[in-house]
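**Student:** Going letter by letter, the sequence shown gives residues 1 to 1171 in the working numbering.
Quick caveat, the hints were computed from the structure, so don't treat them as lab data. Among the hints, a few may not be true.
[As the list claims (entries may be wrong)] Below, computed lysine-lysine pairings styled on DSSO-like, alpha-carbon distance capped at 30 Å:
hint	residue 1	residue 2
1	LYS329	LYS298
2	LYS648	LYS881
3	LYS960	LYS648
4	LYS1099	LYS888
5	LYS1156	LYS1142
6	LYS526	LYS491
7	LYS851	LYS1025
8	LYS1079	LYS1099
9	LYS1156	LYS217
10	LYS131	LYS142
11	LYS759	LYS493
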Amino acid sequence: MADADQPPTKDMESLTVTDASAADPGSSSSSAPATASAFQGMTLEERFSLVRSIGEECIQEEELLRLLEKKETPICYDGFEPSGRMHIAQGVMKTINVNKLTSAGCKMKMWIADWFAMLNNKMGGDLKKIKVVGEYLIEIWKAVGMDTKNVEFLWSSDEINSRSHEYWPLVMDIAAKNKLPRILRCVQIMGRSEQDELTAAQILYPCMQCADIFFLKADICQLGMDQRKVNVLAREYCDDIKRKNKPIILSHHMLPGLQQGQEKMSKSDPLSAIFMEDEETDVNLKIKKAYCPPQIVKGNPCLEYIQFIIFPWFNEFKVERKEQNGGEKIYKSFEELVADYESGGLHPGDLKPSLSKALNKILQPVRDHFKNDPKAKALLKQVKALPHWPNSSPPQPDGVSAIRLAAASPPSSSSTPATATAFQGMTLEERFSLVRSVGEECIQEEELLRLLEKKETPICYDGFEPSGRMHIAQGVMRTINANKLTSAGCKMKIWVADWCAMLNNKMGGDLKKIEVVGKYFIEIWKAVGMDTTNVEFLWSSNEIISRSHEYWPLVMDIAANYKLPKILGCAQIMGRSEQEELTAAQILYPCMQCADIFFLKADICQLGMDQRKVNVLAREYCDDIKRKNKPIILSHHMLPGLQQGQEKMSKSDPLSAIFMEDEEADVNLKIKKAYCPPQIVKGNPCLEYVQFIIFPWFNEFKVERKEQNGGEKIYKSFEELVADYESGGLHPGDLKPNLSKALNKILQPVRDHFKNDPKAKALLKQVKGFHIPNKTSTPMANADQRASPPSRHTESLTATETSHGAGSSSSSTSATSSTFQGMSLEERFSIVRSVGEECIQEEELLRLLEKKETPFCYDGFEPSGRMHIAQGVVKTINVNKLTSAGCKMKLWIADWFARLNNKMGGDLNKIKVVGEYLIEIWKAVGMDTTNVEFLWSSHEINSRAHEYWPRVMDIAAKNKLSRILRCVQIMGRSEQDELTAAQILYPCMQCADIFFLKADICQLGMDQRKVNVLAREYCDDIKRKNKPIILSHHMLPGLQQGQEKMSKSDPLSAIFMEDEEEDVNLKIKSAYCPPQIVKGNPCLEYIQFIIFPWFNEFKMEHKEQDGGEKIYKSFEELVSDYESGGLLPVDLKPSLSKALNKILQPVRDHFKNDPKAKALLEQVKSYRVTR
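Could you put together the complete structure from these sequences and hints?
**Tutor:** Next comes the structure, spelled out in structure tokens:
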């Protein structure tokens, strides 16, 4: 029997984790079955029995037995939200279960779901408080007796942040693979029902918890019965992704509350549960008041405490009572106790005190620890002092992701009312009036007043796309508004939306030009008089890249919340209409702008009326996520163009607007030509200039005119001026010159700055030199308006990029024949051309080989399981041909793409192992790697992200969604498939690879042709003359009838590079090979595309009576014999097998004799093969 004061450990030490890779349930461990000696004499059956005893239910027992047999150290996952005090089920039952699991050789990963607790508004959503509670819970487990040697405590916030690139794609994939009703069935895990009105955030919560299981590489999910549905979802997801090894579910019993009818404990009802720091008197009182009906077992919480806590802890239950009541009795089993209780032999009056005594014996070490240990004492004091202790606040909506927290909770700063002294004696009403005056419309005024009352420094958000010269509304009106807001105590965040400008094809989509324009704008605002003390200029490209793990999940959540028509309704923010055909990237534009508001923690959105719809969308999103404090919308007036009927200014029409660097004469001319009908106010742009620029700037409008025309007059209000104008007392002939004079007075400091300051002068010259594209119904309609692809932090495509290859400068001299061992240009061309079943274009290939000594060839592959012969041998043949003809080969190991496409279950570590294995095979089979460079996409993209992602976004911006959908074949999908957002970007990324690697030649299979053609079309878009040449090689079919391609999931469909001789013989023997039929005959294709290129001949060996030995020197000769019946399948197949085995033998030898290669093969064979 275990020590009465300690939890049961079976007197065994836990097993140390020796193989971290074994943690993946998708891999069967390469280690031998766990021996009994590893667990101090435990047999497999004993280990199984101990682990199985934890769960009220086990799905599935056979799988659990196999796991324990094959894997020495299974990974067990349990998780919890730190949310106040710890009840006894969390403290003692979890300790019992953990000690059982670790004593049976498991490793325990305890997932401290602090982010989830914050999303679910535990501890008021305060992450710091949640972390304190988490530390306190860990301290309790150690005190009560949890053996933590093989327990790893993992904070979800840390783990998800550090590996967000793994986590969020997995969450999104689970979300994509499940219909809404299936997810709704899991909401019980949050204490909700399917009938509750749920937010989109709550829809994704189960997807996140499901993702945790795979993220932690769990073999066993050990959680309560209330979490069962999401664990079952994880097993169903394994079916979706064709993963054989599913997580095993051990669902433990849920203790009920102590009062009658309480299905579960409640932290908000102190009498419903025993808490781990309860004093002895608390425990006695709670058990005394607990529901415990005589002779009734079902629904009796006291009996459940005995069954699930006392017996597992002490292996007995001791009842101490007077002799007249039956005397002392020790029950050795729960069944024995139940029999006595039902018969009336054991009464609640005797049971309860004994239960209290046993519980207090378990809890005493915890009390002692929290009284005597300084760290523990301080923690308990902190936890008890928390305002949500116990967590009595009404439950708030869950969030969707770690990132969504910025949206789901209002930005906080000082909550004390703003004092008048902070704003130079301004009252609350004065501050409100000043802020309110910024907007033509305010949604809502009451909210604005409350905000200013409660928050000393509200955050105001304004944004702009840098796109050409700056007109006076952007320059002066924005300065007026920013100065008003900051003088009223606000902080201004001006979002320099350079990425959005690129998506919207401003400045031809050239990010470098956009950056110059952005700097020019800032320079103007400073020159005209913007007080930038409380203004922060934030470049969207920098902010998004640095906090991408926050930004993109928020964008995706907004995108997921709204149907396409709703998003299209916001197209006006880009100056587009709902009827226009938008690009794939432009669909995301409104979602990104909406996300910006929450990303910047804005209290007030201060933008033009033309941006109103997306701001309203942000408020609707707050309703969706149950956020009470919505961003307040201040929509300022939009100045019209100066000509009749122009609703807004146009940078492409110089007379429609005053620009900030206009000379005095320009201003005078434009105002002179401006539409200004006498006595008509409505639709009069000159009067609008006076109203929205002159009065706010000078607080008056001065008219200087001759005495006979009325003499000088100073208007102190716009209403006074309007009255005069409508009556004819103020004529356009007098208004216009004075308007020009006032405007020039405002603009003169800007002119002086751009004339006298060298930096400003250079900026203005650059901006004036840029060609500003006219917007058409589709932004990319005119090829002449397209500039080079973007690169904010690097040079734009240079002359070298438009002369040779994808930006690689090389020797422009013709390649000499001596360089390639006497090869002529024609011979080099012939060798390179022979690689492709199709070449686009042959003339370009010939010119390239003539001009460039070492062209760059690009080939790529997704590491995804074992290697079939086409990947191994055909690729080796092609690479050797290309390098022998003087090319340099860049082999792109698309590990990130494999993860996006869910290869190897999306496990990047497995994908990397497979990549190493493929490289090892190519070296073994005979690939000459002297001029071959293996490049891992994850490493290359991470190290040059500033180059890569702008290119991807530019390709997305320049292509309509329908064009991208035509490329999904590269992923083995069809245009009709329902695709995820990630899969829409996949073709854009693969297209970007070509330019990122500076490839001259794309050497991939025919199945990748469409994306390579897309790359050539992109060259037309960006005016690049030298396009990548496409060499599309033939795709070998599967060996069985009707199989268009090989399948790694069907072993008989392909020869694999590590197949043994007998495997090859069997597969070829079983292969489809109809007599006298050449078309669709896979055996003949193997001969054509493998045997002849490798040996330059095909040798037939058969008996003399069957025609004797024959050596075919050409495929055509063989086809002639086969079609005539002179060569039969029964003779061809053995000779084909023999030739294939001859090619593969060096690979087998390498993987048998080389230790590194041998280990790699074993790992790869153990991995599940995904689609």
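**Student:** State for each hint whether it applies.
**Tutor:** Against the structure, the hints:
1. LYS329 x LYS298: holds, 23 Å
2. LYS648 x LYS881: violated, 61 Å
3. LYS960 x LYS648: holds, 28 Å
4. LYS1099 x LYS888: Roughly 33 Å between the alpha carbons, so the hint for LYS1099 and LYS888 is violated.
5. LYS1156 x LYS1142: holds, 23 Å
6. LYS526 x LYS491: Holds. LYS526 to LYS491 sits at ~16 Å (cutoff 30 Å).
7. LYS851 x LYS1025: holds, 15 Å
8. LYS1079 x LYS1099: Measuring from Cα to Cα gives roughly 21 Å; hence the hint holds.
9. LYS1156 x LYS217: holds, 25 Å
10. LYS131 x LYS142: holds, 17 Å
11. LYS759 x LYS493: holds, 24 Å
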